[in-house]
Structures are given as structure tokens and as C-alpha cells.
Amino acid sequence: MTRFVERHPAWALIVIIAVAVALWLIFAVWPPGLEEAIGRKRVFLNALFNGITLGGLYFLVASGFTLIFGLMRNVNLAHGSLYLFGGYVGYAISASTGSWILSFIVAFILTALVGVLLQVLVFRRMEGQDLRQTMVTIGLSIVFADLMLWACGGDFYQIQTPNWLIGPIELPLITAVKSSGEPVYLRYPLVRLVIFLASVIIGIAMWLALNRTRIGMIIRAGVDDRDILAATGVRIQVVFVLVFALGAGLAGIAGVVGGTFQSLSPGEDIRFLLASLVVVIVGGMGSIPGAALGALIIGLAEQLGSVYIPTYAIVVTFLIMVLVLALRPQGLLARR
Amino acid sequence: MSVTHDAPIQVRNSAATAQRPAVRGWPDIDNPAAWIVAVILLIMPLIANGFFLIEIFATTLILGTIALSLMFLAGYGGMVSLMQLTIAGFCAYMVAVFGVSGNANISLGWPWWLAVPMALTLATLFGTLGGALAVRTEGIYTIMITLAIGAAFYYFTNQNWAIFNGHTGINNVATPHFWDVDWRADIPFYYVVLAIAALCYFAVDYISRAPFGLALQGVRDNPRRMAALGFNVNAHRVAAYAVASFIAGLAGVLQVWNYRQISPGSVSVGACIDILIIAVVGGITRPVGPYIGALVFVLLRTFALDFLVKIGLDGNRFRLLIGLGFLAIVFWSSDGVIGLWQRWRRSHRLQPDPAGGGRRHG
Numbered sequence: 157m158t159r160f161v162e163r164h165p166a167w168a169l170i171v172i173i174a175v176a177v178a179l180w181l182i183f184a185v186w187p188p189g190l191e192e193a194i195g196r197k198r199v200f201l202n203a204l205f206n207g208i209t210l211g212g213l214y215f216l217v218a219s220g221f222t223l224i225f226g227l228m229r230n231v232n233l234a235h236g237s238l239y240l241f242g243g244y245v246g247y248a249i250s251a252s253t254g255s256w257i258l259s260f261i262v263a264f265i266l267t268a269l270v271g272v273l274l275q276v277l278v279f280r281r282m283e284g285q286d287l288r289q290t291m292v293t294i295g296l297s298i299v300f301a302d303l304m305l306w307a308c309g310g311d312f313y314q315i316q317t318p319n320w321l322i323g324p325i326e327l328p329l330i331t332a333v334k335s336s337g338e339p340v341y342l343r344y345p346l347v348r349l350v351i352f353l354a355s356v357i358i359g360i361a362m363w364l365a366l367n368r369t370r371i372g373m374i375i376r377a378g379v380d381d382r383d384i385l386a387a388t389g390v391r392i393q394v395v396f397v398l399v400f401a402l403g404a405g406l407a408g409i410a411g412v413v414g415g416t417f418q419s420l421s422p423g424e425d426i427r428f429l430l431a432s433l434v435v436v437i438v439g440g441m442g443s444i445p446g447a448a449l450g451a452l453i454i455g456l457a458e459q460l461g462s463v464y465i466p467t468y469a470i471v472v473t474f475l476i477m478v479l480v481l482a483l484r485p486q487g488l489l490a491r492r
Numbered sequence: 231m232s233v234t235h236d237a238p239i240q241v242r243n244s245a246a247t248a249q250r251p252a253v254r255g256w257p258d259i260d261n262p263a264a265w266i267v268a269v270i271l272l273i274m275p276l277i278a279n280g281f282f283l284i285e286i287f288a289t290t291l292i293l294g295t296i297a298l299s300l301m302f303l304a305g306y307g308g309m310v311s312l313m314q315l316t317i318a319g320f321c322a323y324m325v326a327v328f329g330v331s332g333n334a335n336i337s338l339g340w341p342w343w344l345a346v347p348m349a350l351t352l353a354t355l356f357g358t359l360g361g362a363l364a365v366r367t368e369g370i371y372t373i374m375i376t377l378a379i380g381a382a383f384y385y386f387t388n389q390n391w392a393i394f395n396g397h398t399g400i401n402n403v404a405t406p407h408f409w410d411v412d413w414r415a416d417i418p419f420y421y422v423v424l425a426i427a428a429l430c431y432f433a434v435d436y437i438s439r440a441p442f443g444l445a446l447q448g449v450r451d452n453p454r455r456m457a458a459l460g461f462n463v464n465a466h467r468v469a470a471y472a473v474a475s476f477i478a479g480l481a482g483v484l485q486v487w488n489y490r491q492i493s494p495g496s497v498s499v500g501a502c503i504d505i506l507i508i509a510v511v512g513g514i515t516r517p518v519g520p521y522i523g524a525l526v527f528v529l530l531r532t533f534a535l536d537f538l539v540k541i542g543l544d545g546n547r548f549r550l551l552i553g554l555g556f557l558a559i560v561f562w563s564s565d566g567v568i569g570l571w572q573r574w575r576r577s578h579r580l581q582p583d584p585a586g587g588g589r590r591h592g
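Heads up: the protein sequence lines correspond to chains A and B, in order.
What the first sequence shows, in this note's numbering, is residues 157 to 492, in sequence order.
What the second sequence shows, in this note's numbering, is residues 231 to 592, in sequence order.
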């Protein structure tokens, strides 16, 4: 942190000012002039919270993607299919048993199994061949998409939110002050906050596991130099299978989350594949904190953009990617 | 190991380039098969009816030309770009916007000979800018960034109503009509498409042997060494994107004339990936590959439904068939259909023909 301030004082100043402005926008009661200029504060806060929680969802998808890429250099363009598969499995489980938690567990296990199969049957046969991996996973994603369309049809599915999470919660954030002087507080869906909290916990757990445990040390060593790690006697193929299972399982969990927030339908696989591509390009390939930062930026850009400049929302996301590529081609938090 | 390193290995492995003569004249001038194909293509209107002429052969040539621009970048430049269809679609949109169409409030109503050069210029500019962005990265990152550009354009056309008319797209695009010929009528249009496809094919073939193309292949094989020799590596790559964008733009003009309309569906992410499939299935090391791939793709797309129903399966599983076929090709032949055919020919030829190996390159 201090090093960043020392090395880039101008950037640090911009970041500090931006954070201060954002905090003021969130906590202060907006003066009437501002409300007239950019709309009601409730709209802004809702967009902000939607952006942050969407960022949580993007993080779940992108962290699995970047983990698999970071360690194994495996380009898994079928990652979006894993997301959609997890979502469909979660829907089937929650619709048949009525248990929301159980749908997460089953979706995680089943997508992790698919991931293990992918790693053993496909990626192990073409290690280090980026282009072939890309092609094969593109082919697989086409096949998966058609199989899922076959099995589930083209309908929209939404996973039922459990009773104890239904309904909004009042947050201690003032959106407006009534003429009687009584403050109005923001009401926001509880389920989205809970899921966001869960994704933050998953992210921190992953970061801790990678940076503070032995298996994390092995994985990080594998990212840096796979051959030497194998030479020290680590059974690297087992590590690969485990990481692949974890990454795929995260995509499956994200599918259930996405099915609860939004809906599941054919085409969502490509949408989330692209979202995770953009997130990891912005954040930096193979970096978990990078995926978190990228997911937050892209989620916010998408939601704030769709509220304030609806026509150009997608262009904002794209412009962020262009800007990052122009300034830091390796991504914001990449280690290189 | 990145894509830029993979590509040269594939190329070196194929026997075609291994025995390439140092100086070559026009390609295939002494190859009877090429002459037969050329004659068949020229007299096609005598053999085929309107449906085959347009739905199969003209569509094949248009898709093949878009895939050719991808092949040029991937085969000679080592850059796999998934935005070639996006550039073609952008050019098609620009033809509709500048030219005459059913949406009078959007189209500017320029005559086609003004609208088309304008659209081509803008498409080339668009593709070059995208390329300038993509060359900052390598290998798999290039694929991801160009895919992201393609997706951004698709969603943008869906949302923007002022220029791109949202998800309905632009309909009733006017086609050229001069010298008392309706150039969109089946037979003239087929010859227009054939002429432009041939032009692009020979241009790519020529560039591959011109100093620029040779330098590009050098950049593909060993960028650091080329930089040390004084070549501007990134400038060569961006220039390759410019050439490929122009080719893709030409195909885009033909596409919008063919369907007389353009909508976001024709620049969707799936369609972008279809172009990659076409190029890879055909073979990504030679300009003829994309056209073979496009023919396979169009035939499958047109007849898979009937075929699947005939053998008692659900006709809607056409994409499954495409995906499985693509997987099979990628698994067993890194050089697509041409690679398979060449391997078969080599295994059936007892005595190697001294002049035979190098002739097919191009």
C-alpha cells in the first residue's frame, strides 16, 4: 500500500479522491440540486448494491476460471457451460427437495466431477498446447450447450429463494428525508446481501488457503515452476485434479447463485464466460485478488452504466478493458 | 507455451512447407485439380439451380472469405482473432447505415459506390484499432480479447437504437443495380461473390510470398529475432490486422447484399465462434482451407436436419453434430481437413513425387 503511494502518487491521489466522493455519495443526504442533476439517491444506492452483489457473482465464476488458468495454464472456454450446468443442477435439486442449501452442495459436487473428468480426459492429453485446448473447450462448450438445451429446453428457470431469505431488509443508509424530517432508509433484498457475504468469505478463504497453507504453497509453486515442483516429489497431477475440481465447483456454485439472483436459460453460459474473461483481463490472469477487484469494477460498471447511460452500458465495460490493456496489459493486480 | 509458438510447429510438421521451393510462380498453375475446381466454379450456374447457387455456394464463398481473413492472421501471423465476423458485421451495418435501406430514419441514402468504400474504410479502421489492442497481448490472451470485442459489439448493437436499430436490425438494404443488371439476381450475384472470393484468395496467397508476408511469418516464428533484425514486430502485426479487416469487410458487404438485412443475430458470439470452427475444420495453414471448411459447415447446416431425421434422431441436434465433428477434427488433425487429406495421400503414395509436396502450399 505505502509502496504504491510512493511509486504512483498521482494515481494514489485520484484513488483517494474517488473513494472519498463515493463515500460521501453513499452516506450523505443528497442536496436537492444533485438529485435533480443525476436522479434520486435510492436509484443510485440500488445500482451500487446491485453492482457490488453482481461483482460477488462474477467473482465466483472468474475465480475458478483464473485459478485453473493460473496453475495449469489450462484455457477452459467451457467454464461458462460449467456455470450453466451447476445452475440447472441446483434448480433440479431445489425444485425436487425444496432445500436451497442442498442445491449448492450437489451443484458443487457434480460440477467438480465434470471438471475432474475434463481434466483427466481432455487437458491431461494436451498439456501446454494452448491453441488446441482453446479449440477443444470451444467444441465442448458447443456440445454441452446443445445437450443442456436438449435436456432442459429453452425456458427460463429461476431457483426459489428460501423463505428465511425472502424479502427486503432495511439498511442504515438514508436515501432521502421526508418533508416531515423523518429519514427514509434503503431497503434491499436480503438474499443478495447474504450471497455477497458468502462470496466474500469464499474469496478470503481461498486467499488464506493459497497464501497461508501448505497446499496453497504447493499450488503457488506450481504456478511459478511446474517442472521443479514435480521434481521435488509433489504429485502434481493430483494437485491439478484438485484445483480443477475446486475451480469447476466454484462455477457450479455460481450457477446456483445466478439462478437465484437472475435466471437460467441457454446463452447464459456464453454471457458468464465472457464476463469472467473480461474480469480476469482487467484484474490480471491467475490472481485471486485480481479477480475480486476486476469483478467489483465490472459489476459496478455494468449496473451503474445500465442506470445512468443505458445505451452505452456495455461500452463502458469494454472501455474499462481497453483502458486497463493500454495502461497495464498484464492486468491491474497481476504479479508480473 | 503460447499460440504463437504452437502455430509454427504445426506448419513445420506439414510436409507441404518442408519442401517449399525457394522461388515460386503463381500458385497451382501446374496443378490439374486446381484448374478443375476453377472451371467447375466458373460454370456452376449451368449445373446448379438458384437454391444451390446462393444458399450453398455463394454462402460458402462469403463465409470462407471471412474465415480466410482469420486464416491469414492465424496461419501467417500466429494471431487467432475471433473478431473477424464482428468486422464483417460492422462493415455490413455501415453499408446499411450509409446506403439505402427500409429504415429511412437511420440510413443516409448514399449510392452504393459511395457507401461501400466508406463502409470498407471504417471497417478496416475498426479492425485495425481492435488489432492494435490485441497485439499488446499474446496467444490465448489475443483470443480472449478479440472474443470480448466481438461480444461487446454484439451487445452494443442490441442496445443501440440510434445507429444499429436495436435487436430488429436494419432491413430491406438496397443492392446495386446498374448497366441494366440486377447484381443481386442469383447468377450475377454468384459471379460477384466468386470474383471477390478469388481476389481475396489470390491476394492472401500473394501476400504470403511478398516481403511483408515473409516478415509476418518471421514474426510469427520468432518475434524476438525479428525485432533484433530491425523489424517493427507490432507494426507488422497491426498491418496484418488491417489487411485481414479489409478482407473481412469485403465479405461483410457481400453478406448484407445477400440477405438484404443485418441484425445483431448475425454478429452473435456463436457466429464469431462458427468462423473459427470453419477455419480450423478446413485447415488453418493454407488459404484454401477456410473455403473447404465453409463448404463442410454450410452443407452440414443445410442438410444435417434432414439427415438426422432420416436416421431417426431429433433434427434440432445440428449444433451437437457440428460440435462433435469439430472436436473430432481438433483431436485427430491439427491441420483440419486438408491435413487429413494430405496424410491420407502421403500414406497411399509409395514413391514420393519430388515436385508434389510443395505445390499445394497456397
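Among the clues, some could well be false.
Said to hold, decoys possible - Computed footprint of chain B on chain A; a stretch qualifies when at least three of its residues, placed anywhere within it, have a C-beta under 8 Å from a C-beta of chain B:
id, stretch
1, 171-183
2, 292-299
3, 426-434
4, 469-480
Calculated directly from the structure, the hints in this document are not laboratory data.
Glycine residues also receive a C-beta, built at the ideal position from the N, C-alpha and C atoms.
Checked hints:
For a cut-off of 8 Å, the count of residues in the stretch 171-183 of chain A with a CB near a CB of chain B stands at 0, and the three-residue condition is violated. With a cut-off of 8 Å between beta carbons, the stretch 292-299 of chain A has 6 residues touching chain B; three or more are needed, and the interface restraint holds. Given a C-beta distance limit of less than 8 Å, the hint that chain B covers the stretch 426-434 of chain A holds, as 4 residues qualify and 3 suffice. Here the stretch 469-480 of chain A counts 7 residues with a CB under 8 Å from a CB of chain B, which clears the bar of 3, and the coverage holds.
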